[in-house]
Each structure stands twice: as C-alpha cells, then as structure tokens.
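Chains as they are written, first to last, in the working numbering: chain A, 14 to 347; chain B, 14 to 347.
Warning: the hint list may mix true and false statements.
Repeated chains share a single entry, so a pair holds when one copy, or any two copies, can fit it.
Calculated cross-link-like contacts (lysine to aspartate or glutamate; reagent style EDC-like; alpha-carbon spacing at most 16 Å) [as the list claims (entries may be wrong)]: (1) 209 x 196; (2) 226 x 251; (3) 66 x 56; (4) 259 x 230; (5) 199 x 160; (6) 199 x 24; (7) 199 x 82; (8) 45 x 196; (9) 83 x 216; (10) 83 x 195; (11) 83 x 196.
Treat the hints as calculated values from the structure; they're not laboratory data.
Number of protein chains: 2
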Amino acid sequence: MKIALDAFGSDNAPLPEVEGAVLAIKEDACSKIYLVGRKDELERELGRFSYPKERIEVVHASEVILMNDKAASTVRTKKDSSLVRAIKLHKDGMADAVVSAGNTGAVMAANLFTLGRIKNVLRPAIALSLPTLGKPAIMLDMGANVDCLPEHLIQFAKLGSLYSHFFYGVENPEVSLLNIGEESMKGNELSKATHKFLAERTDINFVGNVEPKSIFDGAADVIVCDGFVGNVILKTIEGTARFVFKALKEQMRRDWIAKVGAMLSYPAYGYLRRKLDHNEYGGALLVGLRGNPIVSHGSSNDVAIKNAVKFAARIAESGFLEHARAYYEEEKAS
Amino acid sequence: MKIALDAFGSDNAPLPEVEGAVLAIKEDACSKIYLVGRKDELERELGRFSYPKERIEVVHASEVILMNDKAASTVRTKKDSSLVRAIKLHKDGMADAVVSAGNTGAVMAANLFTLGRIKNVLRPAIALSLPTLGKPAIMLDMGANVDCLPEHLIQFAKLGSLYSHFFYGVENPEVSLLNIGEESMKGNELSKATHKFLAERTDINFVGNVEPKSIFDGAADVIVCDGFVGNVILKTIEGTARFVFKALKEQMRRDWIAKVGAMLSYPAYGYLRRKLDHNEYGGALLVGLRGNPIVSHGSSNDVAIKNAVKFAARIAESGFLEHARAYYEEEKAS
Chain A
14 MKIALDAFGS
24 DNAPLPEVEG
34 AVLAIKEDAC
44 SKIYLVGRKD
54 ELERELGRFS
64 YPKERIEVVH
74 ASEVILMNDK
84 AASTVRTKKD
94 SSLVRAIKLH
104 KDGMADAVVS
114 AGNTGAVMAA
124 NLFTLGRIKN
134 VLRPAIALSL
144 PTLGKPAIML
154 DMGANVDCLP
164 EHLIQFAKLG
174 SLYSHFFYGV
184 ENPEVSLLNI
194 GEESMKGNEL
204 SKATHKFLAE
214 RTDINFVGNV
224 EPKSIFDGAA
234 DVIVCDGFVG
244 NVILKTIEGT
254 ARFVFKALKE
264 QMRRDWIAKV
274 GAMLSYPAYG
284 YLRRKLDHNE
294 YGGALLVGLR
304 GNPIVSHGSS
314 NDVAIKNAVK
324 FAARIAESGF
334 LEHARAYYEE
344 EKAS
Chain B
14 MKIALDAFGS
24 DNAPLPEVEG
34 AVLAIKEDAC
44 SKIYLVGRKD
54 ELERELGRFS
64 YPKERIEVVH
74 ASEVILMNDK
84 AASTVRTKKD
94 SSLVRAIKLH
104 KDGMADAVVS
114 AGNTGAVMAA
124 NLFTLGRIKN
134 VLRPAIALSL
144 PTLGKPAIML
154 DMGANVDCLP
164 EHLIQFAKLG
174 SLYSHFFYGV
184 ENPEVSLLNI
194 GEESMKGNEL
204 SKATHKFLAE
214 RTDINFVGNV
224 EPKSIFDGAA
234 DVIVCDGFVG
244 NVILKTIEGT
254 ARFVFKALKE
264 QMRRDWIAKV
274 GAMLSYPAYG
284 YLRRKLDHNE
294 YGGALLVGLR
304 GNPIVSHGSS
314 NDVAIKNAVK
324 FAARIAESGF
334 LEHARAYYEE
344 EKAS
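Hey, can you work out the whole structure from these sequences and the hints?
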C-alpha cells in the first residue's frame, strides 16, 4: 500500500510528519509514502534519518493551509497546498489513501472537493474508532455535519456497518442510536424520527438507543449521532479525562504517601492516557467520499502520524471503500 | 428553613431518604423536614435512629411513582403520590423547598403541574452545578427541554446568571454558550442564532462560546445549552469517569507494583470520585418554576440526600427565586 501524507498539517509540522513517515516505513506499515510539502525543508529533515530511501518520496507543494484559514475558500485559493497535492496523489491512483493532521474543516473540504462524494451518499461523515472496555465502537458523525436529518443518520449507520464489517470483520454489526434514554420514545425530534426509520430498515442491524454513559461499555459496533452531538461527546471525553488526571495529580501532590503511590502506579496511567489519547489510534476516517482520507489530530506527534499511516494502509486493504461504493452506486433509493 | 422530602423517590427508597433526613437534621442543614410517604413504613424506619423527634415530621402519602411510570400521565393519575404530596407542602408554604430523587421526567412534570411556571418564563430548565478545577460552573439545561429555540437558551442564560449571583454571590456572572468551536460562526443553526441574540443582550454578561473540553477549566460562571446536548454531556462525563477508573483498576491489577501504588494513592481517588459523583452535590435545581424544587440522582445514598436537603435550604435562603420572579413577572418582553 502507498500512502500520501500531507507533511504540513499538524501544529508542529513538518517534524511529526517526517519522523512519523520514517517510523512507519521502518515498521513496514506500508510499502511507500509520498511526503508532500516544501521540498527543501522536507529533504533537509529527512536527511537526519537512515531508512530505505526509495520508500519515502518527497512531492513538492509550495503552500500551507493554516489553522485559521477558512476551510472552504482556502482549499480553492491555495491551489498548491500540501493538503490538496496529497489528496490529488490519492485521487490519481498514485496512493491508496491520504493522511493529514491539518484543521479538520479544511481537510474535510479539500477531500470533498477533490475526491467527491460517493454517488447517492448525501453527506460524508467523520468516523472514529472509540476505545472501550470491550470491542472498539465506531462512532459517526464526529463533527462534519452539525445539522442533520434522519436520512443522513441512516446513511451514517450503513456506512458505519460496512466499516465495522470490512475493517474489523464483524458479521452483521450491531448499530445503536446515540440518545439520552434507552426507550424508543426518548430524545429530541431528530432522534425519535431516526429511531423509527432505523427500526424499519432490514439491511441495518439496529439494536436500539445507547446512552452516552454506556458508549465505553463496548456493547455496540456502530454508534450514530449528528455531528454536533458527536463533536460534543468527543470534546467532553477529552475534557473529563484531562480533569480526572489533573485533579488526581493535584490531590496526590498534597500527600506524600499518595505521591509515592502515584509514582508506583505510573505505568498504568501511561497505558490509559495512551488509550484515551488520539495519538494511539492515529486518526478518523472520512466516510462517504470516493477515497480513503484520514484526518489526524492537530497535536499529533510522530507516533500518532505513524499510527495514522498504518491505519490508512489497513483501511485501503480492507475493501471498505469498494464495498461502500458498490452499495451506494448501485442503490437507487437511499 | 423547612424542607419537604419525597421519601419514595430513590432507587433504594425509603432507606436513603430516611437516613439522609436524620443526617441532615443532625448536621442542622435545616430546621425541619417533612418526610413524605407511607407512614407506617417511614415511622418504623425512623424508629431505629435517635434525633430530635420534633424536627422530622412524617406526612402520609399512599402511592409511589415508579421508575417506569410515564412522567406526565402518572403525575395526574397517582393523586396521592409521595412526590406530589411533597411538592404540595412546598406550594402551600409549609416547606421552603422540595427534594425528590425520583425519575427526573416525573419530578419535572409534577413540579411543573403543581408549582407552575414563573410568568413569562417559556420553559423551566434543569440547572446543575458542575465541579471544575476553578470556580463551580452552573450548566443548564441538563435535560428538561430536548428541542430548544434561541429564546429558550437566552432565558436559561438569564436564570443561570441570577442563580450564580444569588447563590454563589458572583457579581455580573460570565455566561458562555456551549458550542463545538470558540468562533461565533461555529456550530449548528441553534447555537449560531443563540450566539447572535446573546451578544445583543445588555443584561446578560455574555463572554462567547465554550467548548466541552474546557467546561472543567472553571472559566465560565454559567454555561447554556439545549437539554439534549446538556444531558449528553452529563452522561458522557459519567461514562468517561467510569471508564477511566475501571481501566485504571484493571491495569493496576496486572502489576503488583502498580497495585501497591494504587493502594497508597487511594485517598486521592476517593476524593476525586466524590467530587465527580452526584452524591457530593446532592442534586440539580429546576429553574423557572414558582418554587425551589431539587431533583437528586436515582442512585442517591444517605449522604446524597443529606446534601440535597442542605442545598435545598441554601437555595431557599439565597433569594434566587424571589429575584427570578421579580425579573420575569415585571418584564414584559422576554
């Protein structure tokens, strides 16, 4: 598998991207990486490492999309951006997937304009694989569509099911609707209508509502919600985890016995922080587009980028995209 | 202050309520408690404790509203329920506030029907005081109104400001709008419209959007959102905290050094769990009604009930209700 990597996406670009690419090649995550961005800078940085040279190819792009750039317009005006160049390598068939740690709005817009939607898919969505106490849960949409209709959520359910089946090998994945109660009549207008329509679908294994307090239990394979709520959940998890760790740290500082205890149990914290940390999974998959675009967190480090490349290669191998296209392009109705 | 306590609200009722009432009186949380429910049972349970007898008065109610009862209809059909009887004691002026750990929908419905809304208030809301790394943040609505319009959120902002001012003594409380980005153009239709209207209000100290990852930072005095999103946040916090503690525990079990460490740092965990645990604050305040109704978590124990009684007495003393009524009943427009 060949992966196109936007080398100027992350907050600390291009170091995490350069080091992540070298790590990925050393671990054989894919056969080749196209590292896209300002050539001189990238070659200078790459020069510090030893690795099989033919497996990382620098592709020049003169412009960089900044964090504060307006997503949609920038993608059109900065024609020679590392982000758009990387996506084009994927679109033209040179690469099997594309990875960027750039601002999510811009990455979504650039992929949408460059790759295009799968025919009959109404809205692309951001799908994230959430760590749980059991099997991983694929949640979508995590922020691409802030105002949704039931038909959008139903497509997310189908795309999530295909992702779960082809990527994790789950037979007949169980789909839950994120809601504030387990009963079918609970929730807002959107969730009540979506519940009704999902229950009628014979090609989606809908098992009912799931409350946010249970998303970590590992009960569902796929969890659907609108992008506003998905993004709220993602950021609430981040805030709560940060609060728990900070408050524990502060509390332990007050008491030397607890402090010694904290030092002894440090590896367990490390494990959990990594598990909750986006650096561990590498990125989210944009589903519903004619390609395999991965978006990583802006604060990604080298390990996160390496994991994103690994994830991109595995997604491209999984056949998810081909089956999603086959399903929607043949289907007439939904 | 005199508090009416529904003795048959919690999952393990009436034990937590009876023991909580005794604890509250012993700690002088209020001058008197009306303990409402099946008289024989309550007097038998109370008989096990020694406390100043004249300060807990049992008021008989023959019916109990169950967890699975439909909120609105039950409140009308079960006329002699402990919940409705307790609220009536408050409405009739015998008690200064009312506490129930019954199912939130039923408690909200019963208070709405019995106490009524403050004139000109469109929708009552559930306000929760969230623990943070800094000052407490009052969040509302946490689940009473799943589909909201901007005008509802603006009233929540005002009611939250009055709560913050009179209960916590904050001068000119800072109000944030819960959103998925800090910039004013971010969010869904509801949050964008609400942002615009809040910014125009001269009687609300609106300071902009707050992302869910920052709600624990203690930056805002009041955070407003619709009840669906608020409930999602509440339950995501619950799920994440449970996941973090479970995963830490599991991880520490694998390694005896970490296990010893965990034992030494146990008090710090205990502190934090209590801080995140609803048992610590006792309950949420229903704002916008002609009274001081407190709703506690169904799984409340005796300490949670005691804290709810204490909170109810402090709210009644604070003058919040009188000022909220004065503001809305005099106001003509919003």
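Check each numbered hint from earlier against the structure, then list the numbers of those it violates in ascending order.
Hints 6, 8, 9 are the ones this structure does not satisfy, whereas the remaining hints hold.
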